[in-house]
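Model the full structure from these sequences, guided by the hints.
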Amino acid sequence: MKKNIFLLSVLAVSFSCINKIDFAPEQIAPALVMNSFIDSKAEEHRVFISISKQNSISIPDKDGLQVKFMVNGKEVEDIKQAPAKEGGKPLYIEYLARSSVKPGDKIYLEAKSGAFHAFSEAEVLQPASIANVDTSRSVRTSGKERSVMRFTADVIDRKNEKNWYFIDLVRETILLNDKEEVLFTETRSLPMNFKEDYILGTGTDDADELLSLFSFRKYHVFNDNEFKDRSHKLKFMTSLNSLYSIAIAEKYKENVKEKRIFLHIKLYSINEETFKYLKNLGAATSGVFLPSFLESAVLGQNVKGGLGFVTAMTPDVQTLSLPLKK
Amino acid sequence: MKKILIASIILLSGFLLSAQTKKFTVSGFVNDNESKEPLIGAGILASSSKGSVTNSYGFYSITLEAGKHELLCSYIGYETIKINVDLRKDTTIIFSLKPGSSLSEAVVTAHKKAGIHSTYMGSIEIPVEQIQNVPVLFGEADIMKAIQMMPGVQTGMEGTSGIYVRGGGPDENLMLLDGVPVYNVDHMLGLFSVFSPEAVKKVTLYKGSFPARYSGRISSIVDVRTNDGNMKRHQGVVGTGLLSSKFHMEGPIIKEKTAYSFSARGLHTLLFAPLIKKAGSPANYFFYDINAKITHRFNAKDKISASVYHGLDLLKMNLNNARFDTGEESPIALTSTENSWIKWGNTVGALRWNHVFNGKLFANTTLAYNRYKMNIGLESKSNIKNKEDNTYNENRLKASYDSGIRDISGRMDFDYKPSEKHLLRFGGEYIFHTFIPETRTVREFESSNGKTLTDTLVNNSGDERLYGHEVSLYAEDDWLIGSRLTLNPGVHFALFHTYGKTYFSPEPRFSIKYDFGKGFSAKAAYSRMGQYVHLLSSSQITLPTDLWVPITKNIRPVFSNQYSIGAYYSGLSGWEFSLEAYYKQMKNILEYKEGVIFLGSSAKWYDKVEMGRGRALGLEVFIQKTKGSTTGWLGYTIARSDRLFEGINNGKSFPYKYDRRHSISLFMNHKFSSKFDIGGAWTFSTGGTMTVPTRHSMASIPGEAPERYDYVSSRNNYRMPPSHRLNIGFNFRKQKKRRERIWNISFYNVYNAMNPNFIFLETKYQPSDEEVGHTFVLKKVTILPILPSFSYTLKF
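Protein sequence lines correspond, in order, to chains A and B.
So the first sequence is numbered by the working numbering: it starts at 1 and just counts up by one.
So the second sequence is numbered by the working numbering: it starts at 1001 and just counts up by one.
By construction, these hints were calculated from the structure, which means they are not laboratory data.
Even for Gly, the Cβ is constructed at its ideal location relative to N, Cα and C.
Treat the hints with caution; some may be incorrect.
Claimed, not checked - Covered stretches of chain B, going by a simulated chain A footprint (3 or more residues, C-beta under 8 Å):
#	segment
1	1647-1654
2	1686-1698
3	1704-1713
4	1774-1787
Right, dumping it as C-alpha cells:
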C-alpha cells in the first residue's frame, strides 16, 4: 500500500497539464489604424493605414480610402499612396507626403474608408540641441558579438520648460559600385546601451542581463529632471556587430566596390505623450507575453475615431562617418 | 499634529484615572504544567468579573480590591484552575495548567481578551494544533497555508504560500518570528514556508486594527512565537514525508531553570545529496531550516532567551569534467567544466530578556540580527586544443551576483497595568538596515597558447550599499470604561532616515469595543500604518531575485488608512461568529511600470516603478467552532481592490491583480476517536486579474514602417477563471507509553481541479487570402493536480 501511494505521488508530481482557457474578450468592432512619425527634416512624411480586427490585421479598400494631410488648416497636397511592397500579405497602405513642415506647424491627418473615419492632430515640436558628439575606443569584452563602441554627446536643455527627449542612433549604409554609383541604401535604427536610460526594463532581455555585461535596446527616452536648464553629457554604446553587420543581397554582392556607413545621432525634443508612447513601445512590440513575470504595456493611442499614434518632431542630427569596412 | 495631541491626551488620561480604593495586584505567569512552557493568551478571571490575559511571554497582571477573590485560569486545551486568594498585598501567582486530554475536551469559560474577544479588529489567533491538522500540499503542515484560509487573506499562485491581505501586496505583511522580522518566508519558490510548526507555539494574524506596538508594513502582521522548551523533561518529534524530514527536540538543561528547543527540517534531496551526485545527476536542489532556542529563568522575575533561525535554499548545477571530443579523427578536443548555483536564505538571531519590575510593570528587551542573502554564481572553464598543431585556447568566466538585506535592532517593550481599567503598553525600537540591492562581478579571461587575449573584470554595483535608520516609539492603552466599553487608543511614531533624507510619520491607532452582553459585541477601528521598505518583485511566485529596497528621496513611505467595523457573537458555547467590514486607502504604493520585468538588474530600480494609490474594501464573515469532536471554521470574503497610477494604464484606475471578488474557505476536523481523525479543507476564490491583448493593431515606429503588435486596451482587463480545491488528510494515531506515532495520509486537490499555476498566451497564425490573421489562445498550466502524500511522525 505504502509503495503504491509513493509511486502514485511520484507520478502525480511529474505530471503537469496545459489546458486551453475559455477566453472570450468582448467582441471588438474593426478599427482604422493610422500611424505616422513625422520628421520635419525628412523629405518625405510617411503615413500608414491599416484595419485592426480582433484576430487579424488587414488593409482598407485602396480605392475607397481617402487620406488628408493638412498643415496649419490647409490641405497642402493631395498625398499619394506609395507603391506597395513586394511579397507577403500587406499589413498597411503607405502614403507619402512631401510638403515641408517646420517647428510650430499644426498637422492634421485624416483617413476615411467606408464607415471608418479617423483623424489626429499634431504640432511639429521644437528641435532639441545636441553637440560634441564623439566616440571613444571600442571595448572588447569577449568575442565580436559583445564588443562595443562608446559614444558621448552633450544635450543642451531648452530653458524654462519641462523637456522630454528621444535619442536615436541611425545607421545609414550606402553600397557603391566601381563607378561610384549607389547600388543600395538602407537606414536602420540601432539598439544601444544608454547610461542615462530612463526606461530601464523596456526591453525584454533583463533576464539575460543578469550575469552579462551590457544589454542593448531601442527607443531611449529621458527627461531633463537631472539637468534642468543646462547641458548634460550622454553616454551610450552600441555593439560593433550591429554597427558593421550588413546583410548584402546576393544581387549586389558581385558589384559592391565600396561600403559607406554613416551614423546619425538624432536627438528629438518630444512631448509627454510621445515620451510615454516610446517608453512602452519596446515592450509592446516585443511579442513577449508572460503575465506571471511581466506586466504588459498599454500603448497610448492619439487617433480619434480609430487607433494609432501620430506625432511630429524636429531632430537635431550629428553625423559620423564610420571607418570603412569592406 | 492635532491628532497626535488628542491621542497623547487620551493615553495620559489613563494614568490619572487610577482607583481611589485600596487595591492590590495579582501578577505572574501562566504555563504548561508538564513543560513549564509559557502560555500566551491564557485568561485569568476574578469572581468580580475583572479579568486579564497573558501577554506574548505568558505574563499577566490583574488589580483587585483587597479581600477574598476566586481566580479562574483557563486556556484552550487545558484544564481550568480555580483558586481562592485573600488579597492583603501585591501577590505573585504562577498558574501551571494541566493539558486536557484533547482539544475537544477543552473548557473555555474564562474571561478572554484574545481573538474576537480582544479590542482589536481583524485579529485571529490560529492554534498550532489546527495548523497541524489543515491538510495541505505534500502533507507538510504549514503556517502560511493555514493563514491563507483566513477571511480577508488571498493567495498568489496556486499552491504557494504568499499572502495578500485586504487588497494589499505581497511585501506589505510583516512576518515576525519571536518579534524579529523575517524578510523571506518561503522555500522552494513559495511551496513551503520557513516556519516549522514543531517549533511554533502561537500564531496571530492582525489585518485590521493594528496594535500600536506593531508597524513597518501596511497590510498585516503575522506574529509567530516559538517554544521556549520543556523545562521538566526531554521530548521530541521525528517525522518524514514525501519531500522532507523533520526533527524536533526540547528539554531541560537545568531542570525548571534552563531549557532548550531545537528543530531541523530538510528536503530529502539534502540528505541524499551524495547519492544523487553518485547517480550522475548534475543538478540538485534542497532547502533546510534550523531553529534553536535556549531559555533560562533566573527567578520569577527574570528570564533570558537566545534564539537562532537559519534557513537556506540551494539549487546547483555541476557540469564537471564534461568532455566533448568529436573522436580521434577530429582535429579539435574540447574540455570544459561549469559550476553554477543559486542560494538564498535567512538568518535570524535574537537575545531576549524578560523582567518583571513589579506586579504592574513587565518589560521585554530584545536585541536582534537578521539577514536575507541571495547569491547567484557561475564558474566555467574551457580549453580547446588543436591536435594537429598543438595550439590551444583557454576561456574562463567567473560571475557572481549578490543581493540582500541585513538588520541589527534593539527593542524594548513595557506592559504597565496601573489599574484594573488600564493596560498600557509602550516601548521603542531602533533598526539599522543595510540594503545590498545588487553587486555583480563578472571576470572573463581568454588566452591563446598562453598569451592573454582578454582579461576583463567588471564590478557593477547597481547601487552602493544603502543604509537606513529606523526609530520608532509607541504607546497604547487597553482601557475599560464601565463593564461593557473597551477602548484601545494608541500612537506609533516612526522615523526613517536614508539617502540623506528623514521621514517622520505619526501613526495613530484607535479601536473601540462595546459588549452588548449575551455574547454579542461590536467593534470599530481606525489604523494608520507606514512602511519604509519595498520588495521588488513582479511575479506571482517568490523568486530569490526578489529584492528588498528602502524608500528613497523620491520614493516616499507607503501609508495606509484603514477603517473597519464589525459585529461579533460568542454566546453559543464553542462557537465564534464575526462579521467585519473594512475600507483601506493606500498611498505611495509601488507598481512596476508597463513592460518592466524584474528578473535581473536592480540598477535604478526607482526608475522602474511608479508610485500611486490603492483602495480596498470588503466584507468578511468568519464562523469558527472551537469545541467538540468536530472543530473548524468557515470564512467568506467579498472584496474589491484597485489601483491608480499616473503613469500606468494611461492614468486610469484599474483592478489590482489579486482583486478576487469572492473567497470561501472551509476547514473541518473531526475526531472519530483518539486513534483516528480526518481533516478537510475546501477553498474557492474568484480568479485574479491579468492583462491580455484584445485585438491586433499596428504600432507606429519612429523612422520605420509600423509593426504588428498585440493591442492591450487596459491593465488587468481579464479576470482569470476561479480556483477551488479540496484537500483531505487522515491521521492514524497510536498512543504508546510516553510516545505517540501518527501516520498521515493526505490528498491535495482531491477532485483534481485544474487550477492555473501559470497562464500564458499563444498567438496562432491563421492567414487568409486578404488578411494576416492571428488568434489569441490563452492557456493555463496546472502543475498541482491531485497529489496524494503521506507522512510519519513520532512524538516522544
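Coverage of the segment 1686-1698 of chain B by chain A, judged on three or more residues with CB within 8 Å: Contact hint for the segment 1686-1698 of chain B vs chain A: holds, 9 residues under 8 Å.
- prompt: Okay, the segment 1647-1654 of chain B and chain A, do three or more residues pass the C-beta test at under 8 Å?
  reply: holds (count 4)
- request: Quick one: see if chain A covers the segment 1704-1713 of chain B, three-plus residues with Cβ-Cβ under 8 Å.
  value: Held - the segment 1704-1713 of chain B has 10 residues with a Cβ nearer than 8 Å to chain A, which meets the minimum of three.
Per-stretch coverage check for the segment 1774-1787 of chain B, three Cβ contacts closer than 8 Å to chain A: This one holds; 13 residues, not fewer than the three required, reach chain A with a Cβ under 8 Å.
In this structure, every one of the numbered hints holds.
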